[in-house]
Amino acid sequence: MAKRKTLESKQKISGYLFTLPFAIGSLVFVIFPMICAVVFSFAEIKNGNGFLGYSYSNWGFSNFSEIWMETTTFRDAVFTSLTEMLYNVPVVVIFAFFIASVLNQKFKGRGFFRSVMFLPVIISAGLIVTLSGDGLIASIVSSGDRFSETGSGAAIQVTDVFKTMLEDMEIADWMVDLIVNSVANISNIVSMSAISIVIFIAGLQSISPSIYEASYMEGATRWETFWKISLPMVSPLILLSVVYTIVDNFNGSNNGVITQIHTKVSQVAFDTASAMGVSYSLIIIAILVVVFAVLNKVVFYQD
Amino acid sequence: MSTLAKTNKKFDKVKFKKYSLKYTISTVRLIFLIGMSFIVLFPLFQKIVFSVMTSSDLYDATVSYIPKHFTTANYAAAWQKLGGLTVILRTLGLTIACSLLNVACATLVGYGLARFKSKVTDTLFLVVILALVLPSDLLFTTRYMMMTATGLTDTWGPMLLFSATCTGFKASLYIFLMRQFFKGQPHALEEAAYVDGAGPLKTFISIMLPGAVSMMITIFLFSFVWQWLDSSYTSIFMKNIELISTTYGKLFTDLDTSALSTLNVSLTKAAGVIIIISPLVLLYAFTQRYFVESISRSGLVG
Numbered sequence: 001m002a003k004r005k006t007l008e009s010k011q012k013i014s015g016y017l018f019t020l021p022f023a024i025g026s027l028v029f030v031i032f033p034m035i036c037a038v039v040f041s042f043a044e045i046k047n048g049n050g051f052l053g054y055s056y057s058n059w060g061f062s063n064f065s066e067i068w069m070e071t072t073t074f075r076d077a078v079f080t081s082l083t084e085m086l087y088n089v090p091v092v093v094i095f096a097f098f099i100a101s102v103l104n105q106k107f108k109g110r111g112f113f114r115s116v117m118f119l120p121v122i123i124s125a126g127l128i129v130t131l132s133g134d135g136l137i138a139s140i141v142s143s144g145d146r147f148s149e150t151g152s153g154a155a156i157q158v159t160d161v162f163k164t165m166l167e168d169m170e171i172a173d174w175m176v177d178l179i180v181n182s183v184a185n186i187s188n189i190v191s192m193s194a195i196s197i198v199i200f201i202a203g204l205q206s207i208s209p210s211i212y213e214a215s216y217m218e219g220a221t222r223w224e225t226f227w228k229i230s231l232p233m234v235s236p237l238i239l240l241s242v243v244y245t246i247v248d249n250f251n252g253s254n255n256g257v258i259t260q261i262h263t264k265v266s267q268v269a270f271d272t273a274s275a276m277g278v279s280y281s282l283i284i285i286a287i288l289v290v291v292f293a294v295l296n297k298v299v300f301y302q303d
Numbered sequence: 001m002s003t004l005a006k007t008n009k010k011f012d013k014v015k016f017k018k019y020s021l022k023y024t025i026s027t028v029r030l031i032f033l034i035g036m037s038f039i040v041l042f043p044l045f046q047k048i049v050f051s052v053m054t055s056s057d058l059y060d061a062t063v064s065y066i067p068k069h070f071t072t073a074n075y076a077a078a079w080q081k082l083g084g085l086t087v088i089l090r091t092l093g094l095t096i097a098c099s100l101l102n103v104a105c106a107t108l109v110g111y112g113l114a115r116f117k118s119k120v121t122d123t124l125f126l127v128v129i130l131a132l133v134l135p136s137d138l139l140f141t142t143r144y145m146m147m148t149a150t151g152l153t154d155t156w157g158p159m160l161l162f163s164a165t166c167t168g169f170k171a172s173l174y175i176f177l178m179r180q181f182f183k184g185q186p187h188a189l190e191e192a193a194y195v196d197g198a199g200p201l202k203t204f205i206s207i208m209l210p211g212a213v214s215m216m217i218t219i220f221l222f223s224f225v226w227q228w229l230d231s232s233y234t235s236i237f238m239k240n241i242e243l244i245s246t247t248y249g250k251l252f253t254d255l256d257t258s259a260l261s262t263l264n265v266s267l268t269k270a271a272g273v274i275i276i277i278s279p280l281v282l283l284y285a286f287t288q289r290y291f292v293e294s295i296s297r298s299g300l301v302g
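Chains F and V are the protein sequences, given in the same order. Number 298 in the numbering used here belongs to position 298 of the first sequence; there are no gaps in the numbering. Number 2 in the numbering used here belongs to position 2 of the second sequence; there are no gaps in the numbering.
No wet-lab data here; the hints were simulated from the structure. Built from N, CA and C at the ideal position, the CB exists for glycine as well. Where hints are given, some of them may not hold.
[Stated by the list, open to error] Not close to chain V: a few residues of chain F, all C-beta gaps over 12 Å, as computed:
id, residue
1, Leu20
2, Ile31
3, Thr80
4, Pro90
5, Glu167
6, Ala172
7, Ser193
8, Lys228
9, Phe250
10, Ile285
[To be verified] Stretch-level coverage of chain V by chain F, calculated; a stretch enters the list once three of its residues show a Cβ under 8 Å from a Cβ in chain F:
id, stretch
11, 34-48
12, 78-85
13, 101-113
14, 120-133
15, 155-165
16, 225-233
17, 268-280
With these hints in hand, go ahead and build the complete structure from the sequences.
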């Protein structure tokens, strides 16, 4: 019995050793900066010789009132990114799920189409976003390049015809707007979906084919197996994909709020930057908690 | 005789219906996928075409995709503006160093979090999620102060430290993926190794690591891409060191400000984009088959 215990404690120690790099790193570079950011947001920071070479004075809520009450740029940016998120997340998740189900079927050239659909992970990140306006892929509709003069002109006409067609069908206005905007915005949606497509393909592949076989034997149609098997089985991944898309939307380098905080940091306005960061993080965490709580009830867990 | 013909006819009708449906579905699927691929590939194609054009081709209405005056001058200009071979090699060095450190750290920590359950590792996993969710700009303030206080700004130090501890850009995602991967692996092999007297480290290196190669390649790919294209970290911690992320701004400017030069700038920019992403596309071409394989084996579902 005593020997077993030593093995267990040995295991515990090696567990600590394996996780040591991140344990130290997160204390120094995540937890400590996080606490500091909260403290800084209540102070006025100037060059001086206090903690880490700065001096702190005027403790209070002045930074928060500055960014929320006195100026409107930060407030507007937060509002914009919230509305964008509200519209982007469902569209991206549904689109990614649809593409993943198509790419999961067996057909010739599947490998090619798969690698093309994952390409946005590479060509719509970081610098490329700045270099081509909204990302390489988005430049297909919005670039000021010569090709788009004829190209986007045609696109607008097509969407106009499409819009009148939908309106004639007497579909609700908000739905028409949603569909038309998604079509016009397709390049952005494709580039945001890449990671979710990978997640969903992985999920669809992990469903055992015997479940489908059994249900076909019982006379189920494809439509029924989609709703009763595929969808519930990948629903934990829908949660993952929703959370990832929300975080990606909020923390992307072309998000208006992030660029504002980033400018403040490079202008050495650490107090305002911290207040912005803290407010924004609280909003993100609140939204994620709500989304997780709601979706977690709908998600089907196999065991 | 007549009944046989009848059944034959009926059979043909069923067969026809079945096959026509099948072909309709696959045709629609093909058209749809070609459309989607077009959206992804066309901008790339467009940049490639632009990058070998001269500005007179842009004015020429008869030129749309095939340039009349093929030139490599744009590449030469973009190459020079980006800083030439030294800057490219320096960025490559930093990117490879950071990616290798990220992979090493993520693999160790992911294994630790997946296999050794205790209160400490559970809390650490929550920190991983927290680091994933928090906007990195929130942490930049203190990190910047710490780095200036220790005199590490404008050296490779900050980036290497962040990578070695997996606290850099999206790095906790790598730990998350690794943990999920190791959680999906069977215990039996490790138990056998323990019974034979191997320690945890030896078990990890000789039993678990060989199976994790595809996941490690995937994480290397992600890490390489995001580090190579990163402008937020390098613009704060390494702003005086010439890297692609600090020199690419020069692609937007030209000393000559005539109308013709704005066209030239857009051509140079196209060439610059192609130079910047070509190593990534090359890397992707070699590693993409590990991509889905590794994630589908990571047991994300369970």
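Okay, the hints, checked on the actual structure:
With a minimum CB-CB distance of about 8 Å to chain V, Leu20/F fails to clear the 12 Å threshold, and the non-interface call is violated. With a minimum CB-CB distance of about 7 Å to chain V, Ile31/F fails to clear the 12 Å threshold, and the non-interface call is violated. With a least beta-carbon separation of about 16 Å from chain V, Thr80/F lies farther than 12 Å from that chain, consistent with its non-interface assignment. At the 12 Å boundary, the C-beta of Pro90/F stays outside the reach of chain V, the nearest C-beta of that chain being 19 Å off.
Every Cβ of chain V is farther than 12 Å from the Cβ of Glu167/F; the closest lies at roughly 24 Å, confirming the non-interface assignment. No Cβ of chain V comes within 12 Å of the Cβ of Ala172/F; the nearest lies about 26 Å off, and the non-interface call holds. With a closest Cβ-Cβ approach of about 10 Å to chain V, Ser193/F is found to fall inside the 12 Å limit, against its non-interface label. A cut-off of 12 Å between C-beta atoms confirms that Lys228/F is not in contact with chain V; the least separation is 17 Å.
For Phe250/F, the shortest C-beta to C-beta distance to chain V comes to about 7 Å, within the 12 Å cut-off, and the non-interface label is violated. Taking the minimum C-beta to C-beta distance to chain V, about 7 Å, the non-interface status of Ile285/F is violated against the 12 Å cut. Restraint check on the stretch 34-48 of chain V versus chain F: 10 residues with Cβ-Cβ distances below 8 Å, three needed, restraint holds. Coverage of a stretch by a chain is defined here by at least three residues with a beta carbon nearer than 8 Å to that chain's beta carbons; for the stretch 78-85 of chain V and chain F the count is 0, and the condition is violated.
With a threshold of 8 Å between beta carbons, the proposed coverage of the stretch 101-113 of chain V by chain F holds, since 6 of its residues qualify and at least three are required. Counting residues of the stretch 120-133 of chain V whose CB lies closer than 8 Å to any CB of chain F gives 9, which reaches the minimum of 3, so the coverage claim holds. Coverage of a stretch by a chain is defined here by at least three residues with a beta carbon nearer than 8 Å to that chain's beta carbons; for the stretch 155-165 of chain V and chain F the count is 4, and the condition holds. Chain F is given as covering the stretch 225-233 of chain V, and this holds because 7 residues of the stretch bring a CB closer than 8 Å to a CB of that chain, at least three being needed.
With 6 residues bearing a CB less than 8 Å from a CB of chain F, the stretch 268-280 of chain V meets the requirement of three and the coverage assertion stands.
Taken one by one, the earlier hints fail for this structure at numbers 1, 2, 7, 9, 10 and 12, listed in ascending order.
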